Structures are given as C-alpha cells and as structure tokens.
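Got chain A sorted already, so can you dock chain E onto it with the hints?
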Amino acid sequence: MGVNTYESQLTRTNGEGLTSSNIWDGQTFTPTLGYAVYQIQLSLSKVGSPPSTTVDIYATNASHEPTGSTMGTATILASAISTSPTYSFVVASFSAGVVLTAGVEYCYIVKCTGATGANSLLVGYNASAGYSAGNKIVTVNAGASWTQRTAWDGTFKIQGYPSSAPPASDSYTTKRLVCCASDEVWLETAGGGTMEQVAASMGLLDTSDFLSMFELYGKAFIVNRSIKKILDLVNTKITTTDAGANPPDFGTVLTGVTSTAKMIVDYTTALVDNAAATIYGKRTTTTTFSSGETVTGTDDDGNAISFVTSAAETAPPHFYDWTVWGGSSVYGALADNLTLGCAYRGRAVVSGDPLHPHQWYMSRVFNPWNFIYGANNPLSAVAGNNTNAGEVGDIITALIPYGDDFLVFGGSHSISILDGDPCQGGSIDQIDDTAGIYGPSAWCKDNSGNLYFFGSGGLYRMDGGRSKPQNISYGSLPELVDEWAAAPATHRIILTYDPLRHGILITRTTLASGANLNYWYDLKAVGFYPETYPNACGIFSSHNYNSNAAATRKTIFGCSDGYLRYSLDTAKDDDSGLTDTAINSYCTLPLIKMNEADDSEGRLISLTFELAGGAASGTFGDTDGLTYEIHVGDDAETVLEDIKDGATAFSSGTLSGTGRKNRIRVKARGRWLGIKLYNSTAAQTWAINTVNGTIAPAGKIKG
Amino acid sequence: MAEFVLPLQGFSSGFPVDKQQTMTSGHINNCRPIDTLEKRLRIGQRPGFEKLYTQQIAGVAGPIVAVCSVTVAS
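Read top to bottom, the protein sequences are chains A and E. Take the first sequence: its position 517, counting from 1, is numbered 516 in numbering that gives the first Met the number 0, and each next residue is one higher. Take the second sequence: its position 3, counting from 1, is numbered 2 in numbering that gives the first Met the number 0, and each next residue is one higher.
In short, the hints are calculated from the structure, not lab data. Remember, predicted model here, so these are calculated numbers, not experimental data. Some hints could be false.
[As the list claims (entries may be wrong)] Heads up, simulated DSS-like pairs for lysine-lysine below, C-alpha to C-alpha not over 25 Å straight-line:
(1) Lys666(A) / Lys701(A)
(2) Lys444(A) / Lys38(E)
(3) Lys523(A) / Lys18(E)
(4) Lys592(A) / Lys18(E)
(5) Lys38(E) / Lys50(E)
(6) Lys643(A) / Lys18(E)
(7) Lys38(E) / Lys523(A)
(8) Lys592(A) / Lys699(A)
(9) Lys227(A) / Lys281(A)
(10) Lys18(E) / Lys701(A)
(11) Lys261(A) / Lys281(A)
(12) Lys50(E) / Lys660(A)
(13) Lys18(E) / Lys699(A)
(14) Lys699(A) / Lys666(A)
(15) Lys467(A) / Lys523(A)
(16) Lys261(A) / Lys156(A)
(17) Lys643(A) / Lys592(A)
(18) Lys666(A) / Lys592(A)
(19) Lys444(A) / Lys467(A)
(20) Lys592(A) / Lys523(A)
(21) Lys643(A) / Lys666(A)
Excised from the complex, chain A in its bound form (with noise of 0.2 Å):
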C-alpha cells in the first residue's frame, strides 16, 4: 500500500537558511485526520556540506509553539540533498510511526547542528502561505523564542498511515460505588481506590429506618420511608435567583449567552416566577456556565425562557432531594413515605408506604419526576390503582425487575407477576399464595436469571423468575426456618449471587449485633455449606459490583461494622476490622458402616489423607496442615453426636504439608466409624483430595 499524503504545502517561493546550531526552522500543523507519521517530505537546498538534518515532531503549547520531548526524530543525510540553487523533496524516514491525533496541534523542526554559513542548509517555504491549519516558525537561539511566520508556509508532505494504535479505552463508561451507613452517604471516587463522603448527605437519611437504593438514569434513588433522596452523578447544576416566568422544562437545552455553554435540562427544583431555582441537566459543551451570566432556551410551548445565574455551575456529584418536576403538584406527586424502589422499563418504580402497602407506584418512562397518575398514555406514570394491572393482594415486600420483561411483587405471603408495561395491557398474576418474600433483600437472581428467595418454607427457586416456587432447602434443611427464626424486627435476611464462585450465600444477620448464621448454597456441587462470620462481618447488604477495573470487580458486602468486604480466595482469615479473626473450619466425612451384616463390626486398620497442592511451593496453590479425629461407635447417631460434642475421639492427629501423607496405622474398631477433618489456627487454609482407609471384618459387637 502506497504512503499517503496527510498534509502538504508544495509551493516553494524562498529559502530559510539554517546557518548555525541555533536557527532552527519548523512548521506547525493540525490533522483533519488521526493517523501515524511515516515520513516527512522537505523542499530542502545545500551549500558546502553541511552536516546531516534531524527533523522532530513535537506536540505545540497555547502559543503555537514546540512543547514537551521530542515524538520522534528522523535524519536526513546531506549527501541526499540538492546543492543550491536546485531545490527538491527529500524524504526523512521515522523509523516507527508517531501518531497523531486529529484536531490537535503540532509542529515539526528542522535542526542542523553544526552548520556554518559556508555548509549551510536552506528549508524551503512559501512566502504567500498555503497552508491553513497552521504556519512556519524559527527560532534564533535555539528555542529559547520562536518568531510566528503566520503568513508563511514550509514547503512539505507529512505522509503515513492510518493509526494502529490500539484504542485509549474499551468503554465510555464510569461506574462508582455508592453506599448508605450511619445517615449518610459515600461515594467510590472517581478513579477508584478510596471511598469518600458525599458531605451534602450527612445526618439527611435515617439508617436505622427502612432504606432502599437503585440505579436510574446516572443517579442513585433512595427511599427511606418520608425521606426520598437523589445522589446525582451525571448533571451540572447551575442556579438562579430568579427562574423567570418560563421556566424550562424536562428536556429543555439550555444556552450561556456569554460563554455558550449548553445544557440539557433534567430537573429544577422550582417554576415559580421571581423566585429561585436549582436547575440540574446534562452539559453537552466543554465550555461552562459562568456566574452572572444570562442563560436562554425555548420550552416546550415555545416560549423564550430567560434567567441569570447566581453563580459558576457545579459539577457532580450532587445530592437533592427527589420530588416531582419543580416541586409542583401540576407532576403528580411522590407518596408520602416509600421503603421500597427499583427501576422497571426506564420507570422508577416505588413501593412499601405502610399507610398504603398494597399499593405500586411507577414515574413515568424516562421522567422520574413525574407522577402523573392515569394520563392515557403509554408512557404515563402509573400506579396500582390507575390501571386495570391494578393493586397486588398481598403487603409488599420485595421488588424483582427483569429487564423488561416482568416484575417480581414479592408479597408477605404471595408472589405475582407484572407482566409488561401496565400502561400497554400488562397484567399482574399471582403465581403462589403460599411462600412470600421474607424483605426487600432476601431473593437473588443466578446468572440463568433463576430467581432464589428466602420464604416462609425456607429457600425457594423460581426458574426464570416466574416459575411456581419450589422449595430447595427443605430435604437437605428441614429445620432451616425454625433454627434460624428469622423476625424482620430482629435479623435482615440477604440473599447474594457471587458469580465468580457460581454460588448463593444466604445470610441471617441480628440486626443490633451483627450475629449471624449462613448457608452457602453451591450451584455446581448443589449443595448447602453452613458458614458463621465474625459478627464485625455480618452482612446487611450486598452489591455485585461490575466495576471497569478488576481490583473491585466484586461481590460485595456492606458489613454491620462499617466496612465495606469481599471474598477473597487468597484471605485465610476473616478480617474483623483492626485485626482478623481465624476461619474454623470443619468437616465430617459421611459416616462409614464398618459392617455391612448385622451386629457386626469392623476395624479401620488404616488410613490415607491425599492433601491439596500437590509437590509443595511452586506456582500453585498449596494446602496448609489440618487435624483429623476418628471416631467409633455402635451406632451412626451416637458416632455423630460425639463429634458434635467434642467428645474425646478414638484417635486424632495433624497433617501438615502437601500432597500424600504417609499411610496411618489406627486399628479403630466399631460399628460406624466417623472422621472429622479441621482446623481453627490463624492464618491457615485448606483443601483436602482423597481420604482412602482399609477395613476388615472384626466380629459380632460386644455387649
């Protein structure tokens, strides 16, 4: 493929003289294009034998002028130049592409060190320009200054080809981590590494009421039962004491008459003439609004809005109260107290005012601020006695979207289905009046879009979330309800989908100690695992955190001492703040029937514990020690109920290192023989192959 010619100026009416080390002569130029620079062309002219020519690229500074270290140099030998009075293009070659960026600025200099008057160059340009985006420049002294030839142009081709640079970022995007805890709310900064407070909100929510948060629009909602909140990312805000007798609207693009920045209207707190307002909306310049200054636009109606600002804008993150479209009752308005929000078909969708717990409440679409209940229109605000989808029968507890598809109502004591939009003939279905949904956290959703919740019965799949509800931890947990007596006045139940490790983790936490009883619930094994925490991280919330960087691409925990947590395969303990606190682990093997024949026993005579890890160190992960106890009796419960109670086992012993132990010699002999693997010590982990064991025959049992 041929080079191609970027930029080019191919007049030559004079000739700079380059006759000494510090006059050096240059040209700037701005790309239309981005591309990467091969070679620049040069109308270039010798004297004598000057020395060879280097020609850079450099980047310019506000006054045009080279900035910065050189962005690639190429030479050009004198022998390949022209001794004057001919003059001709020669080609200086850069041995890898500099790549430029359209719209953007630079320059290249032509330097050659060492020339006298007598071997000298001469650059060749043109004295009546021809080149528009950008001029010759020189410099005398080596450039310490630079004298602008805005009405000269060299004489030059900058060829290359398009840029393979790979791209500066695989996303526009910018996600941040938000958080409620002790009134207040904090904010992951914008480049990550450290959470900080949003000091609008201190002391403005009520943690220890019902609080919920969802995602809509660049901004976090929360409800907090009166309290209804925005944490808004995305929006300038500029204000005015006077909003002017047009006020703008949802939508509305707003102009700076002085420094032209535009905006695009989100939300106001106010439309009242000659009174003040707060105007929220979406920049679209990189020019700002200034203090002072008049803004204009035209609303909806076609009337000119103007007002004057009462200071520089702000930018997010900003933290507002939500209401309806200027606070005015002409955009419905917000209920009186909500505890529970989700976003549903680009509708913020609200729910749990214990005045009205039946009751559904969606903005309309695309317009969280407006509530304007039963307009005829698909768009509409919506709520649950305004449409023919009317009401759920049931209290409220829990809201599901998918996508936009269907919501979930979890009920106290039921679940239906909203299926599509209640504005375009969606429906509400109950499909199960018997479970309910325990609390505005305690269901997940798998990455099949399987929906798991804990109800009255216990754990519950629904499989793509509107499935009759079965019952899943019932065989292998039939006293899960009782042993956790969950009471809303007393624990939070959450239910977490970590899919790095495909798993549910259902948590019980005592909401005034942080105490707490889980299950893991292992989608690959189908299993459940018990597991307990430091009560430092009993967890009240959770997050899957799809964040651009992997360092906090988590599933995350909000932990009742504050801190914000995840798992970590690599963590042996449990950080329980200043200090961590050792994980005690256990594990029972299945009993072993030593006797298959009746009132006999068996004797274990050996045993063999493969370890994980395999060959000790190296690049893989490898287990630390464990105890293991063996216990005998003449029947499986009792064997059991030893272990449970800590009773003195037949025999016991560690294993430290990696790999396969040598072969244990026990003689145990019972009926039912029980093994129990652990370990309890600080900063140990493990992981256990195979445990193989010979057994022979010992009898009929004794007694």
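Structure of chain E alone, referenced to chain A:
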C-alpha cells in the same frame, strides 16, 4: 483399601444419620466444595473476608444498609 466419600454436596440433616444422603455431611462449617487454592471440586476451607476499601463508612461501626453502583458516560 477404599476411598471414603467427601461431602461434596454439603450439609444435610434431612435423613436418619445412618441413612445420610450420599456426599453430604451431618457436621460441617466454613467449608466449600470448591477450594480456594485452585478452584477444584474437592472440599476445603471457605475464602476469608477482606476489606474492599480501608475507609470505614462514616468512621463509625454502623451497618452499611444499602450498596449499589451508578454508571455514567465518561
């Protein structure tokens, strides 16, 4: 020599102890079937908890009652 079964299907208390479901345990805690060393199915200690950030929200030991993330165009 026989290989003893590991309780890869976790805890179960739904059957008589002498008829325990295959591959389940009657006494197990803080273990998972996928180990933390190489993510193999073989029983081991669960992963520990680690702080995501060093900041304690609000600087006091109050529970974090809600977490979400917000995405904006950059």
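Hints, one by one, checked against the model:
1. Lys666(A) / Lys701(A): holds, 16 Å
2. Lys444(A) / Lys38(E): Holds, at about 22 Å.
3. Lys523(A) / Lys18(E): Holds, at about 24 Å.
4. Lys592(A) / Lys18(E): holds, 10 Å
5. Lys38(E) / Lys50(E): Holds, because 22 Å separates the two Cα atoms, which is no more than 25 Å.
6. Lys643(A) / Lys18(E): holds, 18 Å
7. Lys38(E) / Lys523(A): holds, 12 Å
8. Lys592(A) / Lys699(A): holds, 14 Å
9. Lys227(A) / Lys281(A): This hinted pair holds, its Cα atoms lying about 22 Å apart.
10. Lys18(E) / Lys701(A): Answer holds: lysine 18(E) to lysine 701(A) is near 23 Å, not above 25 Å.
11. Lys261(A) / Lys281(A): holds, 8 Å
12. Lys50(E) / Lys660(A): violated, 36 Å
13. Lys18(E) / Lys699(A): Holds: lysine 18(E) and lysine 699(A) sit about 21 Å apart, inside 25 Å.
14. Lys699(A) / Lys666(A): The hint holds at about 16 Å.
15. Lys467(A) / Lys523(A): Status holds; Cα separation ~23 Å.
16. Lys261(A) / Lys156(A): violated, 39 Å
17. Lys643(A) / Lys592(A): holds, 18 Å
18. Lys666(A) / Lys592(A): holds, 15 Å
19. Lys444(A) / Lys467(A): Answer holds: lysine 444(A) to lysine 467(A) is near 15 Å, not above 25 Å.
20. Lys592(A) / Lys523(A): Not OK: lysine 592(A) and lysine 523(A) at ~28 Å, beyond 25 Å, violated.
21. Lys643(A) / Lys666(A): Since the Cα atoms of lysine 643(A) and lysine 666(A) sit roughly 23 Å apart, the hinted pair holds (cutoff 25 Å).
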